[in-house]
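**Q** Top to bottom, those sequences are chains A and B.
The first sequence: position 339 = 339 (our numbering), numbered continuously.
The second sequence: position 185 = 185 (our numbering), numbered continuously.
Hint data in this document are derived by calculation from the structure and do not stem from the laboratory.
Careful, some of the hints might be misleading.
Copies of the same chain look alike in the list, so a pair counts if it fits in one copy or across any two.
Derived lysine-lysine pairs resembling DSSO-like cross-links, with alpha carbons at most 30 Å apart [as the list claims (entries may be wrong)]:
no.	residue 1	residue 2
1	Lys97	Lys197
2	Lys172	Lys182
3	Lys97	Lys78
4	Lys82	Lys197
5	Lys243	Lys172
6	Lys82	Lys56
7	Lys82	Lys97
8	Lys172	Lys56
9	Lys182	Lys97
10	Lys243	Lys182
11	Lys56	Lys106
12	Lys82	Lys182
Protein chains: 2
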Amino acid sequence: MSAGKLRGLKRIADEEGRFRMMAIDQRGSLQRMLRGVLSREVAYGDLAAIKRAIVKVLSPWSSGTLIDPVYGYPEALKYFPKDVGLLITLEETGAEKVGPSGQERKSRLIAGWDVPKTRRLGADAAKLLIYYRGDASPDVVEHQRRIIREVGEACVRNDIPYVLELVGYPFKEDEDEETYAKRKPEIVFDYVSEFSKPEYNVDILKVEFPANLKYCQEFAAGEFDGQRREPLYDLTAVEGFCKRVTELARVPWVILSAGVDIDEFVENVRIAAENGASGFLGGRAIWQDCVNYYPDIEAVEQCLSTSGVDNFQRLYAASQDATPYFEARPFRGYPRIELEGRGESWYRDY
Amino acid sequence: MSAGKLRGLKRIADEEGRFRMMAIDQRGSLQRMLRGVLSREVAYGDLAAIKRAIVKVLSPWSSGTLIDPVYGYPEALKYFPKDVGLLITLEETGAEKVGPSGQERKSRLIAGWDVPKTRRLGADAAKLLIYYRGDASPDVVEHQRRIIREVGEACVRNDIPYVLELVGYPFKEDEDEETYAKRKPEIVFDYVSEFSKPEYNVDILKVEFPANLKYCQEFAAGEFDGQRREPLYDLTAVEGFCKRVTELARVPWVILSAGVDIDEFVENVRIAAENGASGFLGGRAIWQDCVNYYPDIEAVEQCLSTSGVDNFQRLYAASQDATPYFEARPFRGYPRIELEGRGESWYRDY
Chain A
1 MSAGKLRGLK
11 RIADEEGRFR
21 MMAIDQRGSL
31 QRMLRGVLSR
41 EVAYGDLAAI
51 KRAIVKVLSP
61 WSSGTLIDPV
71 YGYPEALKYF
81 PKDVGLLITL
91 EETGAEKVGP
101 SGQERKSRLI
111 AGWDVPKTRR
121 LGADAAKLLI
131 YYRGDASPDV
141 VEHQRRIIRE
151 VGEACVRNDI
161 PYVLELVGYP
171 FKEDEDEETY
181 AKRKPEIVFD
191 YVSEFSKPEY
201 NVDILKVEFP
211 ANLKYCQEFA
221 AGEFDGQRRE
231 PLYDLTAVEG
241 FCKRVTELAR
251 VPWVILSAGV
261 DIDEFVENVR
271 IAAENGASGF
281 LGGRAIWQDC
291 VNYYPDIEAV
301 EQCLSTSGVD
311 NFQRLYAASQ
321 DATPYFEARP
331 FRGYPRIELE
341 GRGESWYRDY
Chain B
1 MSAGKLRGLK
11 RIADEEGRFR
21 MMAIDQRGSL
31 QRMLRGVLSR
41 EVAYGDLAAI
51 KRAIVKVLSP
61 WSSGTLIDPV
71 YGYPEALKYF
81 PKDVGLLITL
91 EETGAEKVGP
101 SGQERKSRLI
111 AGWDVPKTRR
121 LGADAAKLLI
131 YYRGDASPDV
141 VEHQRRIIRE
151 VGEACVRNDI
161 PYVLELVGYP
171 FKEDEDEETY
181 AKRKPEIVFD
191 YVSEFSKPEY
201 NVDILKVEFP
211 ANLKYCQEFA
221 AGEFDGQRRE
231 PLYDLTAVEG
241 FCKRVTELAR
251 VPWVILSAGV
261 DIDEFVENVR
271 IAAENGASGF
281 LGGRAIWQDC
291 VNYYPDIEAV
301 EQCLSTSGVD
311 NFQRLYAASQ
321 DATPYFEARP
331 FRGYPRIELE
341 GRGESWYRDY
């Protein structure tokens, strides 16, 4: 392993080697949330202010915090604690809708930002979110894979850990909530398997929970949203899906929160952590309720410092069985991690 | 202030904003120490082993640890805690002896290492040691200034904090210990004043104690080495020298240990910290006694974990009145630190 990547992984994990990370790099979705609570247009300063408040109050509870370089970092950097890892976002928010259905998604990078800037900034990892369906149109699939590959190469050149976030989406005519929930495990297996290939140079996979817990027999009576559903799988099957992700992933993986509420996310994290995940990178599930108090920033911060902190503590407990990154593949034990090119000429060859 | 430099400063200071840093980047002097305790040639592995032991046991006690990329970092990186800042050395050990007396010193950088590699590695600061006398031959002075200036430019391009270490030396015929001790304050004032100029882009000055405490009236009876000396100045004058350094330094400054023993270094740190220094970056004073146990690495580590830790705790106490970097010039208060180019187009312009 290279020196920069190893240092970066250590910086974004906690001392146990588990990832207890927070995301506050939302732009489009946060803008929509703010539009809902404000009776006016959402300005740059609104996004900057809410991100600053969230970093200020919750970042100290995280092992690493993910933030965007547009509205987030320049306004929040003074509140980043020294011992919290810094992850920076590379992709433009949203996606271009394309393909026969008009529902397939093409991503692009933030124009004017890149991996070298991320490294120069002193960040500990670069993160790329890609919407991905392996069964989308070939040109869409190839477009998404190419971006992932190119960012991987840039991260190697800049010797910075590469966190690849993958999010599937329904785009076929029959893909209502239930059908999509049924297909979700396979969608997740497919992208985990694809982007575990060495050619993409991914260091951490940030993935969706490989099922929809609302359709899991043990929770289908309306546990999370009061709505009863016909179960598609039981808990044993869901645990099996997580084990399958662990088998397919050639690198440590973490669970993303994708806008589910905190109770469901806690269950996602618990089940994933007990079955091979190395932790979580949670966003809205942790802080979304507090956004409703905006623009009363004092109230936002009071909410964050109580229920936000409580959410974090629940997630810590839920992830206590997570696999430390150094126990996951490709490492299988911290003592086995070997510095690439270690020895007398390392400094010249690096 | 730029984003990378601000993050880096925060990373190498402790949460109070004080620098409690350790240096284990010695090469020539450490080689000489090891030669003294071994009955054979000193090998790469010896230097690597002792550096690894010191990082392992003492690095967690530091706010940041300075290490070289040759024998040090590749062998010790796995022991660096996530919350300890990483400083990397740029200069080749030793110096070329030149000038009419054959005692003037020209420095050079490590061939095969540079600031971009330091940044890519994930380091939080780059450090350059320069032997400097402003009254040396003009070509020597210009040579040393040019290196300092060029490294400053590279640190700006890579947006990484620049720690410049300056060490004077006797080179004139009349410069015996006493004469040199008398001239030392002026030598330190001269280099602090010169390298505070904005053209050098220095972020932290690592300087010598601006007097020789063995010639200070209150310690001249042999306090540190049992040898009585004719005093050259009293404590009030020495405090005045430190205040003068604070006046001349346009950036935070820290005290180096330069091979003095721990009792003298604790006094240096205490007096400097009470008079404007922002902390210390101590090397041999902290760990040198333990090197005598080499090659019994177990004994070295036992020594470090007792007297080494005790030395660190004494230095923490001695530096309790140090000026937090954000209270020193050019900042004058954390709330006054302003991100360069902050605002909507920051990410594009960065």
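**Q** A separate judgement is required for each hint: does it hold in the structure or not?
**A** Structure-based check of each hint:
Taking CA atoms no more than 30 Å apart as the test, Lys97 paired with Lys197 passes inside one copy only; the shortest distance there is 27 Å, against 54 Å between copies. In the homo-oligomer, the alpha carbons of Lys172 and Lys182 lie at most 30 Å apart inside one protomer (13 Å), although the nearest pairing across protomers, at 84 Å, exceeds that limit. Taking identical chains as interchangeable, the C-alpha atoms of Lys97 and Lys78 are never at most 30 Å apart, the minima being 37 Å within one chain and 45 Å between chains. Only between protomers do Lys82 and Lys197 lie at most 30 Å apart by alpha-carbon distance; the minimum there is 28 Å, versus 34 Å within a single protomer.
Taking CA atoms no more than 30 Å apart as the test, Lys243 paired with Lys172 passes inside one copy only; the shortest distance there is 27 Å, against 73 Å between copies. In this assembly of identical chains, the alpha carbons of Lys82 and Lys56 lie at most 30 Å apart whether taken from the same copy (13 Å) or from different copies (20 Å). For the identical chains of this complex, Lys82 and Lys97 are neighbours neither inside a copy (40 Å) nor across copies (41 Å), given an alpha-carbon limit of 30 Å. In the homo-oligomer, the alpha carbons of Lys172 and Lys56 never lie at most 30 Å apart, since the shortest distance is 41 Å inside one protomer and 56 Å across protomers.
With identical chains, the CA atoms of Lys182 and Lys97 are at most 30 Å apart within one copy only, with a shortest distance of 23 Å there and 76 Å across copies. Taking the shortest alpha-carbon separations for Lys243 and Lys182, only the intra-copy value of 17 Å comes in at or below 30 Å, while the best inter-copy value is 72 Å. Taking identical chains as interchangeable, the C-alpha atoms of Lys56 and Lys106 are never at most 30 Å apart, the minima being 33 Å within one chain and 47 Å between chains. In this homomeric assembly, Lys82 and Lys182 never come within 30 Å of each other (Cα to Cα): the closest approach is 43 Å inside a single copy and 41 Å across copies.
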